[in-house]
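Protein chains in written order, with the numbering used here: chain A, 1 to 112; chain B, 1001 to 1116.
Warning: the hint list may mix true and false statements.
Said to hold, decoys possible - Derived DEER-like restraints, expressed as beta-carbon distance ranges: (1) B:P1040 <-> A:N58: 24 to 34 Å; (2) B:V1116 <-> A:S77: 40 to 50 Å; (3) B:L1076 <-> A:E41: 15 to 25 Å; (4) A:N58 <-> B:T1017: 41 to 51 Å; (5) B:G1016 <-> A:I13: 39 to 49 Å; (6) A:V94 <-> B:T1031: 17 to 27 Å; (7) A:S77 <-> B:G1016: 50 to 60 Å; (8) B:N1070 <-> A:Q9: 35 to 45 Å; (9) B:E1059 <-> A:T68: 20 to 30 Å; (10) B:G1061 <-> A:E15: 36 to 46 Å; (11) B:S1009 <-> A:V94: 27 to 37 Å; (12) A:P81 <-> B:L1076: 31 to 41 Å; (13) B:E1063 <-> A:I67: 39 to 49 Å; (14) A:P81 <-> B:T1017: 37 to 47 Å.
Unchecked claim - Here are a few chain A residues that sit away from chain B, every Cβ distance over 12 Å (derived from the structure): (15) F12; (16) I13; (17) Q14; (18) E17; (19) D18; (20) S57; (21) G59; (22) R60; (23) D71; (24) S77; (25) I80; (26) P81; (27) V84; (28) I110.
To be verified - In silico DMTMM-like cross-links for lysine to aspartate or glutamate, where the CA-CA straight-line distance does not exceed 25 Å: (29) A:K99 <-> B:E1059; (30) B:K1041 <-> A:D83; (31) A:K104 <-> A:D38; (32) A:K104 <-> B:E1059; (33) B:K1041 <-> A:E15; (34) B:K1064 <-> A:E93; (35) A:K104 <-> A:D83; (36) B:K1020 <-> A:E41; (37) B:K1041 <-> A:E41.
Hints were generated in silico from the structure; no laboratory data involved. As the structure is a computational prediction, the values presented were derived from the model and not from experiment. The beta-carbon is built from N, C-alpha and C at its ideal position, and this holds for glycine as well.
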Amino acid sequence: GQQLNQSPQSMFIQEGEDVSMNCTSSSIFNTWLWYKQDPGEGPVLLIALYKAGELTSNGRLTAQFGITRKDSFLNISASIPSDVGIYFCAGQEVNRDDKIIFGKGTRLHILP
Amino acid sequence: GAVVSQHPSRVICKSGTSVKIECRSLDFQATTMFWYRQFPKQSLMLMATSNEGSKATYEQGVEKDKFLINHASLTLSTLTVTSAHPEDSSFYICSAAPLGAGNTIYFGEGSWLTVV
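My request is simple: use the sequences and hints to build the entire structure.
Below is the structure:
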């Protein structure tokens, strides 16, 4: 099935560093969602974006809905060990009946 | 926040048998629920859209006779994997959107299926 282009695929950072990841699509989206998934569990919603240009924060996380409606980014500031996991972007295309499609994920590793 | 519960969280079944996975929205109603499959170290792939009171809509390449979906009420959808084979072993995740809550989707905890 169709997927979003999410990058990077994986990141190795030091604790305390900031993190940035993004997703792009060839089609227009009306919703962008960012999820975090820990091993063996379902994805947990971090941030939901509904309008082009929208910038939303959730604690140390900040995400933006791109102006073109074809991209979104997620930033994590001052990373901590519990930030380790897989981050997925997801979105709803216009006129796709609430279907959510996912990026391939960004696997975040934090070095001691 | 909205809660979606899946049961069982883990199940092991013999090859050729069928297994049912339930997805419940605990504190909201959902006319539509979604079923995903996730293989190890891969992303979530949409299998089908479960519609309350009507037939499910399957994504291309997903066998509707093998993956039976029933959405009998506004809070429950079930996925039955029929005649399971080892290659059906995977992590199955459902999601649902509260009615009138915009486009926010909440996920269940997932169900690990192992077919031996």
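Going through the hints against the structure:
1. Roughly 28 Å separates the CB atoms of P1040 (chain B) and N58 (chain A), a value that falls within the hinted 24 to 34 Å.
2. Taking the beta carbon of each, V1116 (chain B) and S77 (chain A) are about 45 Å apart, inside 40 to 50 Å as hinted.
3. About 21 Å separates the C-beta atoms of L1076 (chain B) and E41 (chain A), a value consistent with the hinted range of 15 to 25 Å.
4. In this structure, N58 (chain A) and T1017 (chain B) meet the distance hint of 41 to 51 Å, their C-beta atoms being roughly 43 Å apart.
5. For the pair G1016 (chain B) and I13 (chain A), the supplied restraint of 39 to 49 Å holds, since their beta-carbon distance comes to about 47 Å.
6. Under the hint 17 to 27 Å, the C-beta atoms of V94 (chain A) and T1031 (chain B), about 20 Å apart, fit the expected range.
7. Distance hint check for S77 (chain A) and G1016 (chain B): the Cβ-Cβ separation is about 51 Å, which falls inside the suggested range of 50 to 60 Å.
8. At about 37 Å, the CB distance of N1070 (chain B) to Q9 (chain A) agrees with the hint of 35 to 45 Å.
9. Distance hint check for E1059 (chain B) and T68 (chain A): the Cβ-Cβ separation is about 27 Å, which falls inside the suggested range of 20 to 30 Å.
10. One distance hint, 36 to 46 Å for the beta-carbon pair G1061 (chain B) and E15 (chain A), holds here, with the actual separation near 42 Å.
11. For the hinted restraint 27 to 37 Å between S1009 (chain B) and V94 (chain A), the CB-CB distance of approximately 35 Å keeps it satisfied.
12. In this structure the supplied range 31 to 41 Å holds for P81 (chain A) paired with L1076 (chain B), their Cβ-Cβ distance being about 37 Å.
13. Between E1063 (chain B) and I67 (chain A) the C-beta distance comes to about 41 Å, which sits within the given range of 39 to 49 Å.
14. Judged by the Cβ atoms, the range 37 to 47 Å given for P81 (chain A) and T1017 (chain B) holds: they are separated by roughly 41 Å.
15. The claim that F12 (chain A) lies off the interface holds: its Cβ sits roughly 16 Å from the closest Cβ of chain B, which is beyond the 12 Å cut-off.
16. The beta carbon of I13 (chain A) is kept farther than 12 Å from every beta carbon of chain B, the shortest such distance being approximately 20 Å.
17. At the 12 Å boundary, the C-beta of Q14 (chain A) stays outside the reach of chain B, the nearest C-beta of that chain being 24 Å off.
18. Every beta carbon of chain B lies more than 12 Å from that of E17 (chain A), the smallest distance being close to 24 Å; the non-interface claim holds.
19. A cut-off of 12 Å between C-beta atoms confirms that D18 (chain A) is not in contact with chain B; the least separation is 24 Å.
20. Non-interface status of S57 (chain A) relative to chain B is upheld: no Cβ of that chain comes within 12 Å, the nearest being about 17 Å off.
21. Chain B leaves G59 (chain A) outside its interface by the beta-carbon criterion, the shortest separation being 15 Å against a cut-off of 12 Å.
22. In this structure R60 (chain A) is separated from chain B by more than 12 Å, as the shortest Cβ-Cβ distance comes to about 19 Å.
23. Every Cβ of chain B is farther than 12 Å from the Cβ of D71 (chain A); the closest lies at roughly 17 Å, confirming the non-interface assignment.
24. Every C-beta of chain B lies more than 12 Å from that of S77 (chain A), the closest at about 23 Å, which supports listing it as non-interface.
25. Its beta-carbon lying about 22 Å from the closest one in chain B, I80 (chain A) satisfies the requirement of being farther than 12 Å from that chain.
26. Look at P81 (chain A): its CB is around 21 Å from the nearest CB on chain B, clear of 12 Å, so calling it non-interface holds up.
27. Under the 12 Å C-beta cut-off, the non-interface status given to V84 (chain A) relative to chain B holds; the minimum distance is some 15 Å.
28. Look at I110 (chain A): its CB is around 18 Å from the nearest CB on chain B, clear of 12 Å, so calling it non-interface holds up.
29. Straight-line distance between C-alpha atoms of K99 (chain A) and E1059 (chain B) comes to about 11 Å, which keeps the hinted pair within the 25 Å bound.
30. As the CA atoms of K1041 (chain B) and D83 (chain A) are separated by approximately 18 Å, the hinted pair is consistent with the 25 Å bound.
31. Of the supplied pair hints, the one linking K104 (chain A) and D38 (chain A) holds, its CA atoms being roughly 15 Å apart against a limit of 25 Å.
32. For the hint linking K104 (chain A) to E1059 (chain B), the alpha-carbon distance of about 18 Å falls within 25 Å, and the restraint holds.
33. Proposed proximity of K1041 (chain B) and E15 (chain A) is supported: the alpha carbons are some 23 Å apart, at most 25 Å.
34. Distance check on the hinted pair: K1064 (chain B) and E93 (chain A) sit about 24 Å apart at the alpha-carbon level, within 25 Å; holds.
35. Under the criterion of a C-alpha separation no larger than 25 Å, the hint pairing K104 (chain A) with D83 (chain A) is consistent with the structure, at around 18 Å.
36. A hinted pair counts as satisfied when its Cα atoms are at most 25 Å apart, and K1020 (chain B) with E41 (chain A) qualifies at roughly 19 Å.
37. Our distance criterion of 25 Å between C-alpha atoms is met by K1041 (chain B) and E41 (chain A), whose separation comes to about 13 Å.
Checked against the numbered hints given earlier, this structure breaks none of them.
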